[in-house]
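Here the structure of chain P is known, so what remains is to put chain V in place on it, guided by the hints.
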Amino acid sequence: MAEVRLLELAHARSGDKGNTANVGLIVWDEEDYPLLLKEVTPERVKQHFKDLVQGPVERFALDNLHAVNFLLHGALDGGGTVSLMTDAQGKVFSTALLRMKIEVPDEVAKRVRGRGRCPVDGGGGRG
Amino acid sequence: MTGTRGSLAGTAPAAAPGNASARGTVRIASGQGFWGDDLEAPVRQVEGGDIDYLMLDYLAEVTMSIMRKQRARDPRAGYARDFVSLMERIFPACVERGIGVVTNAGGVNPAGCAQAVAQAGRRAGTAGRARVGVVTGDDLMDRLDELLAAGHPLANMETGEPLRAIRDRVLSANVYLGAVPIVTALESGATVVVTGRSTDTALTYAPMVREFGWPRDAWDLLASGVVAGHINECGAQASGGNCSAEWWTIPGLARVGFPIVEAGADGTFVVTKHPGSGGVVNLRTVKEQILYEMGDPATYVTPDVTADFTTIRLEEEGGDRVRVHGIRGRPPTSFLKVSVAHAAGYKAVGTLVYAWPDAAAKARAAARILRERLDRLGLAFERVLVELVGWDSTHGHLAGDPPPDLPEVQLRVGVRGDDRRGVERFTREVAPLVLTGPPSVTGFAGGRPRVQEIVAYWPALIDRTVVEPHIGVDLVEV
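These protein sequence lines map, in sequence, to chains P and V. Take the first sequence: its position 66, counting from 1, is numbered 66 in the numbering used here, and each next residue is one higher. Take the second sequence: its position 254, counting from 1, is numbered 1254 in the numbering used here, and each next residue is one higher.
The hints are simulated quantities; they were obtained by calculation from the structure and are not laboratory data. All values derive from a computational prediction rather than experimental measurement. Treat the hints with care, as some may be off.
Stated by the list, open to error - The following label-pair restraints were derived from C-beta to C-beta distances: (1) P:K46 to V:R1330: 54 to 64 Å; (2) V:A1365 to P:D51: 17 to 27 Å; (3) V:A1355 to P:K101: 28 to 38 Å; (4) P:P56 to V:P1092: 47 to 57 Å; (5) V:L1039 to P:M1: 50 to 60 Å; (6) P:K91 to V:R1330: 23 to 33 Å; (7) P:D63 to V:E1161: 28 to 38 Å.
What the hints assert, rightly or not - Taking lysine-lysine pairs in the DSSO-like style, the calculated list, with each CA pair at most 30 Å apart, reads: (8) P:K38 to P:K101; (9) V:K1337 to P:K91; (10) V:K1069 to V:K1337; (11) P:K46 to P:K91; (12) P:K38 to V:K1337; (13) P:K50 to P:K91.
Positions of the beta carbon are idealized from the N, C-alpha and C atoms, including for glycine.
Next up, chain P with everything else stripped away, as it sits in the complex:
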């Protein structure tokens, strides 16, 4: 087994509904979808965010899109216009979730390594 970042397994978009942020995760390769379901559970996600998400975490599977949708309740300091947060509308919560590290079989790690990073600026280089 090897450790990869979720960024290497999936891409994502997030948004808001009131004080709840949503993050949709979509696997790069369809074959990795079962791995996503197994490893990226609501419990793991709640543990990842800790106090950044005050309420419960819900997960909905979209098998048809090889994607999952997370609802992060109480993540936006009241949400929209009330919130004092820079990311009051949860626009980049997706990237915070993509930081998560998960254990995958070696062959998966080998296949996905480096995904999701811009080849010019990724990894801190200046190209």
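Quick look at chain V alone, frame taken from chain P:
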């Protein structure tokens, strides 16, 4: 004005939209994803190739309260003026090519918006050749007390609190209307339809219902329309904008083509964009947009149908075309969603920039000093938030500890509370840190932070039978 209020039937004129279905498909172009989106995008949609309809979404959740404030100052205001100047530019092309326009630009004054649009049409030389439909009945502000007295609690969907608790702070209250009145307007010969608060998705699927004559209980077809609307409603977010999937490979975002839905009578549709435009339409861009602002994907509630997003089938056809089909729907609920905006105190955010060395340590020290001063002044806030922009403002503790050689960081401190004077005083405590706090600080030239009145959003449900009799459609001749 020709009143069609109360009537859901209309006479279809010979002119303009309504002929697309003869070709078997209808092409509905997205031209605006929010109030403030790319002003040139709708022009590119009209000029870049064949379309039958242009949909323009201008209303975010709290936009209505901003518009209500504008109308309080000027009774003729209260709608998206950008839409009027846009129509003046594109009216001739829309009339000549029979392009229908459907928008929620009407805000809290759809009738005023329609009058302004009609005038714009005359200035653009289209007098006598276009008709503006106006959808009304979404505004509950004047009916609130009557509704509360009649036993409609309008309780907050998130907290369960009844509206009575904040009744005296309410600034606006609007019901999300669906496609029915828009279809009525189109059937009555409207070539431009202006609504107030309607669902974003209805702006896209009302033209499909109109063109294909879908019955009101064709749940699967309506659900397909809802998915098409969800894909269209955020503009370029479906065609390469804000796409996290290898964003560096997406070409030509400077002239990004906004999405176009090409729908058939069986509900199947293709998401595409004009040839030669920038951006990209592929499985990744479409999937990301489908998941945007998603709740329970199996239960996407609208006034017309409840759509099941777990039934969507996608096929990439290449050439910036993604086929969408298989969508299932079920009957809508007996409720409509109400968006209430209310005053909820005050907030202010102040920023300063600290430079290397030890930028983060200096910023944190400054924040501690500021908080101590606020305490000494006896100021209590409901919330004080300290962020370091450039380090932890978006990822919080996940960013870890900042490195000692961080070149610079912006200290961002926000406060929120019911007492305006307290928030006001906070705004005077930020600049003094420049000469009385840690060194190598700059970036305060913008002046004192501004006190903002918070307009909060209160989602509620209401029995649809008390709303529907009040929905009306009026027509204004250009």
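Structure-based check of all given hints:
{"no.": "1", "hint": "P:K46 to V:R1330: 54 to 64 Å", "result": "violated (31 Å)"}
{"no.": "2", "hint": "V:A1365 to P:D51: 17 to 27 Å", "result": "holds (23 Å)"}
{"no.": "3", "hint": "V:A1355 to P:K101: 28 to 38 Å", "result": "holds (33 Å)"}
{"no.": "4", "hint": "P:P56 to V:P1092: 47 to 57 Å", "result": "holds (54 Å)"}
{"no.": "5", "hint": "V:L1039 to P:M1: 50 to 60 Å", "result": "holds (52 Å)"}
{"no.": "6", "hint": "P:K91 to V:R1330: 23 to 33 Å", "result": "holds (31 Å)"}
{"no.": "7", "hint": "P:D63 to V:E1161: 28 to 38 Å", "result": "holds (37 Å)"}
{"no.": "8", "hint": "P:K38 to P:K101", "result": "holds (13 Å)"}
{"no.": "9", "hint": "V:K1337 to P:K91", "result": "holds (24 Å)"}
{"no.": "10", "hint": "V:K1069 to V:K1337", "result": "holds (22 Å)"}
{"no.": "11", "hint": "P:K46 to P:K91", "result": "holds (18 Å)"}
{"no.": "12", "hint": "P:K38 to V:K1337", "result": "violated (35 Å)"}
{"no.": "13", "hint": "P:K50 to P:K91", "result": "holds (18 Å)"}
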